[in-house]
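Chemist: With the numbering used here applied, the sequence shown covers 1 to 278.
The set of hints was computed from the structure by calculation and includes no laboratory data.
Any given hint might turn out to be false.
Said to hold, decoys possible - With a Cα cut of at most 30 Å, we get these calculated DSBU-like pairs of lysine-lysine:
hint: 1; residue 1: Lys128; residue 2: Lys26
hint: 2; residue 1: Lys120; residue 2: Lys12
hint: 3; residue 1: Lys169; residue 2: Lys128
hint: 4; residue 1: Lys102; residue 2: Lys71
hint: 5; residue 1: Lys120; residue 2: Lys159
hint: 6; residue 1: Lys127; residue 2: Lys78
hint: 7; residue 1: Lys78; residue 2: Lys122
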Amino acid sequence: MQNDSETGTSTKPPKLNHINDWGWWKERLRTYVQGQGQDLWMCFFTSSENELEVAGSNPETYSTLSDEDKKKFELEKKAFMILTQALHRDIYHQFVYCTTTKSLWDMLTLRCEGNAQSRKIKQELLKKEFEGFTCMENEGLAELSTRFHHLLSEMFAFKVSATPQDMVKRFADALPARWSSYLEILKENGVLDTITIYELIQKLENKDVEEKLKAKRTITPQNPEMYFGIAGGITGEKPASQHAKLQTAFISNTGPPTANQFDPSAYTMMYSRPDSSS
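Build out the structure end to end from the sequences listed, making use of the hints.
Modeler: And the structure:
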């Protein structure tokens, strides 16, 4: 029920429960009213004619109005109904003296956004917050991205602009040090120059899930004998050696030759003269 109250339904406008929610609520209400009809939304910016208001509110004079005036009067009343229904009772009570859609909308805007000077101050504060945006202690990726999106929404509400590249760079710089290697890969591949902030966060979330799954993997005992082609690997028995063990022989040439040793001096080369008869 609380969610329906804040977001609205097809038959009920989103409700402004707190002044601090003005930024996002204003956009939701605009979408809702325009969905009901653009003529209704124009009532928020068009002053209602006092004479038409008086004539339309009186049953005797209402019938004398032209079809066009009747339509204007009915649109104004419907727009005013939507706006008042969208305000929490405590908020609407502060503006009961506003009797037209435009006057109530103007006072709400002034109350929530302030005058030109206060809006400029707010804009400067939002710019500074954006430029200094960074990860807070013990803040996870989900919390960091949610906070960044809230900041972007507030900047949009107060017309503080930032390019898509600025958003990506600012969020990347705000990430903790453990993301440095992954960001360096994206930077070297030129990815950071071409993606949006939403695509960057999606990539980071996917990478985060992969790392968490790796951390949860159970360490499985390894048996390399099964895939090195060694007999006995399946049964678990220690395989016998299939190759003769290599041994190194050392020959010593110290000491006098013995009978069991090869003595090249004991051999003489015999030459035979060829037979002259042959």
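Chemist: Take the hints in turn and mark each one as holding or not.
Modeler: Going down the list of hints, with the structure as the test:
1. As the CA atoms of Lys128 and Lys26 are separated by approximately 24 Å, the hinted pair is consistent with the 30 Å bound.
2. With a C-alpha separation of about 34 Å, the suggested pairing of Lys120 with Lys12 is violated against the 30 Å cut-off.
3. For the hint linking Lys169 to Lys128, the alpha-carbon distance of about 15 Å falls within 30 Å, and the restraint holds.
4. Simply put, Lys102 and Lys71 have alpha-carbon atoms about 17 Å apart, close enough for the 30 Å limit, and the pair holds.
5. Our distance criterion of 30 Å between C-alpha atoms is met by Lys120 and Lys159, whose separation comes to about 10 Å.
6. At roughly 38 Å between alpha-carbon atoms, Lys127 and Lys78 are farther apart than 30 Å, so this suggested pair is violated.
7. Restraint check: the Cα-Cα separation between Lys78 and Lys122 comes to about 33 Å, which exceeds 30 Å; the hinted pair is violated.
The earlier numbered hints that this structure contradicts are 2, 6, 7.
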